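Okay, so the sequence shown: first residue is 2 according to the working numbering, each after it adds one.
Please keep in mind that the hints were generated in silico from the structure rather than gathered at the bench. Owing to the predicted nature of the structure, the values given are computational and were not obtained by experimental measurement. No residue lacks a Cβ here, since even glycine has one placed at the ideal position from N, Cα and C. Do not rely on the hints blindly, as some may be mistaken.
Quick list of the computed label-pair ranges, beta carbon to beta carbon [claimed, not checked]: (1) Thr-297 - Thr-173: 21 to 31 Å; (2) Gly-258 - Tyr-282: 38 to 48 Å; (3) Pro-274 - Ser-206: 49 to 59 Å; (4) Gly-258 - Tyr-180: 43 to 53 Å; (5) Thr-410 - Ile-196: 27 to 37 Å; (6) Tyr-81 - Asn-364: 44 to 54 Å.
Straight-line Cα separation of at most 27 Å, DSSO-like style, residue types lysine-lysine; simulated pairs [to be verified]: (7) Lys-53 - Lys-329; (8) Lys-204 - Lys-321; (9) Lys-329 - Lys-360; (10) Lys-11 - Lys-36; (11) Lys-349 - Lys-102.
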Amino acid sequence: MSSNENSIFKSLDWFTLLLYLVMTIYGAISIYAAKYNFEETSLFSFDTYSGKQFCWIILSLCLGFSLLLIDRRFYEAYAYPIYGGMMILLFLTIFIAPNVKGSHSWIVLGPVSLQPAEFAKFATALALAKLFSTYGFSLNSTKNIAIAVGMILLPIMLIILQNETGSALVYTIFIFVLYREGLTGLVLFAGLSAIVIFVVALKYSTIPFMGITVGEFCVFIILMVIIVGMLFIYCSSHFAARNVALGYLGSGALAVGAHFLGFDIHGYLFFFPVIIISLIYLAWEFIRINNSRILTTIGFAIAGLCLLFTVNFAFNKVLKPHQQMRIKVALAIEDDVKGQGYNVNQSKIAIGSGGLWGKGFLNGTQTKFGYVPEQHTDFIYCTIGEEQGFAGSVAVLALFVTLILRIITIAERQHTAFARVYAYCVASILIFHLSINVGMVLGLCPVIGIPLPFFSYGGSSLWGFTTLLFILLRIDASRSQYGVW
C-alpha cells in the first residue's frame with residue numbers, strides 16, 4: 002500500500018465508519034427478527050432475508066473500500082459525467098424496466114434487481130457540489146438559481162416518469178443545501194406555506210362555513226396573517242403593515258356586526274374584496290416608496306390564492322386513487338384500516354404494544370404473525386418498536402442523530418465548497434429518509450415507500466447509501482491537502 006493510501010486511512014473518520022457498521026449490522030438483525038419464523042433459526046443463511054442482507058453488507062464494505070482507494074479529485078473532476086450518465090440511465094429505465102406494482106424503476110440483471118434512483122442521489126449530490134465549487138458561482142443571480150434548481154428537478158421528473166413518486170420526493174431535500182449556500186430563506190418559507198395551505202385546505206375541505214369550507218376560511222386568514230407579517234418583518238414597512246392590519250380587523254368587525262344583524266356574509270364575497278383591496282393598496286405603496294420587497298409580498302399573496310384554488314384539482318386529478326387515500330388516512334380525513342390505512346394501523350399497534358422495554362428479541366406477536374406487510378423493508382422500524390420498545394426506538398433515532406450531526410461536523414470542517422456542499426447533501430438525504438420513514442410508520446406522514454437507511458432490507462438502498470457515505474469519507478480524508486487541519 003502506498004504512503005498516500007496509508008495517509009488516507011490514517012485520516013479516515015473512523016467514528017463515522019463505526020456508526021455505519023453498527024447501523025448496518027443492527028439493521029440486518031432487525032430484518033432477521035422481522036422475517037423470523039419458528040422453522041428458520043439461522044441468522045446467516047442465504048435462504049433468509051437477514052442472510053441475504055449480510056451478503057449485501059459484505060459487498061457494500063467491498064464497494065466502500067474501493068471508493069476509498071479512488072483519488073478524491075476523481076469525484077470532483079468527473080462529477081458532471083457521472084451525473085449525466087445517471088440521468089441517461091434513469092431515462093432508459095423508464096423503457097427497459099419491467100412493471101413492478103405499477104412502477105418501472107427496477108433494472109433486472111439476472112438474479113439481482115437494482116434501482117437507479119438510489120444511485121442517482123450521490124450523482125446529483127456530486128453535480129451540485131461541483132456546480133457550487135465553480136469559480137465565482139453564487140446564488141445571488143437568477144441564472145445560477147435556475148441552473149441549481151434545474152439540476153435537482155431533472156432526476157425528479159425522470160423518476161416520476163418511472164411512476165416512483167416516493168423516491169422522487171427525496172430530491173426536494175436538496176433545497177436545504179441551496180439555503181445553506183446562500184439561497185434566500187423566503188424560498189423555504191414559501192415551501193412551508195404551500196404545504197400548510199395544501200394540508201389545511203384539504204383537511205377541512207368537507208366542512209361548510211360562510212358559504213365556503215372551513216379549510217378555505219382558514220387559508221384566507223393564514224394569507225392575511227402572512228401578508229401583514231411579511232410587511233412588518235420582511236419589508237420593514239411598519240406603516241403599511243399597520244394600515245393593512247387595521248383594514249383586515251375593521252373589515253372583520255363589520256362582517257361580524259352584519260352577521261348579528263341578520264345579513265348572510267358569503268366567504269368569497271368577503272375575503273376576495275378585502276384581500277384584493279389590500280393588494281391594490283400595497284401596489285400603490287410600492288410605487289410610492291419603491292420597496293421591491295412589497296412587490297414580492299404581493300406576488301406571494303397572489304400565489305397563495307392561486308394555490309388555494311388548485312388544491313382540489315391537484316388532489317383529485319393529479320394524484321392517483323391510492324395516493325389520495327394514503328393522504329386522507331395520514332390527515333385522518335378517512336379511516337381505511339382494511340385498505341390503504343392497514344399497514345399504518347398495524348404498525349402503530351405493533352409499536353404501541355412494545356411499551357417501554359419491548360416484548361423481547363423474536364417475541365413480537367405482530368411480527369411473528371405477519372400483521373404488518375413489508376415489515377422487513379419500509380416498516381422495519383415497527384419491528385424495533387415492538388420487540389425493543391420505546392428504549393430501542395430511541396436508540397435507533399439516537400444513532401441516526403449522531404451520524405447526521407457527525408456529517409454536519411465533517412461538512413463544517415471542509416476547506417472547499419465542493420466537499421462542504423457534498424457533505425450537506427448527504428446529511429440532507431439522511432434527514433429526509435429518517436423523517437419520512439419514521440413519520441409514515443407512526444402515521445404522521447402518508448405512506449410513500451421510503452426505506453430507513455442502513456436498516457431496511459435491500460441491496461440497492463444499502464449500496465446507494467454506502468456510496469453516498471464512503472465518497473464523503475474519502476473526500477474528508479484528503480481535507481488536509483486543501484487547508485490547515
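Hint check:
Here the CB-CB span from Thr-297 to Thr-173 is close to 22 Å, well matched to the stated 21 to 31 Å. The supplied range of 38 to 48 Å is broken by Gly-258 and Tyr-282, whose beta-carbon atoms lie about 23 Å from each other. Checked against the given bound of 49 to 59 Å, the beta carbons of Pro-274 and Ser-206, roughly 23 Å apart, lie outside it. Gly-258 and Tyr-180 have their C-beta atoms about 45 Å apart, which keeps the hinted 43 to 53 Å range intact.
Taking 27 to 37 Å as the suggested C-beta distance range, the pair Thr-410 and Ile-196 conforms, at roughly 29 Å. Checking the proposed 44 to 54 Å range against Tyr-81 and Asn-364 shows it holds: the Cβ atoms sit about 52 Å from each other. Of the pairs offered as hints, the one joining Lys-53 and Lys-329 is violated, with about 36 Å between alpha carbons and a cut-off of 27 Å exceeded. For the hint pairing Lys-204 with Lys-321, the CA-to-CA distance comes to about 18 Å; that is within 27 Å, so the pair holds.
Between Lys-329 and Lys-360, the direct Cα distance comes to roughly 32 Å. Violation of the 27 Å bound is thereby established for this hinted pair. A hinted pair counts as satisfied when its Cα atoms are at most 27 Å apart, and Lys-11 with Lys-36 does not qualify at roughly 39 Å. The straight-line distance between the Cα atoms of Lys-349 and Lys-102 is roughly 25 Å, inside the 27 Å bound, and the hint therefore holds.
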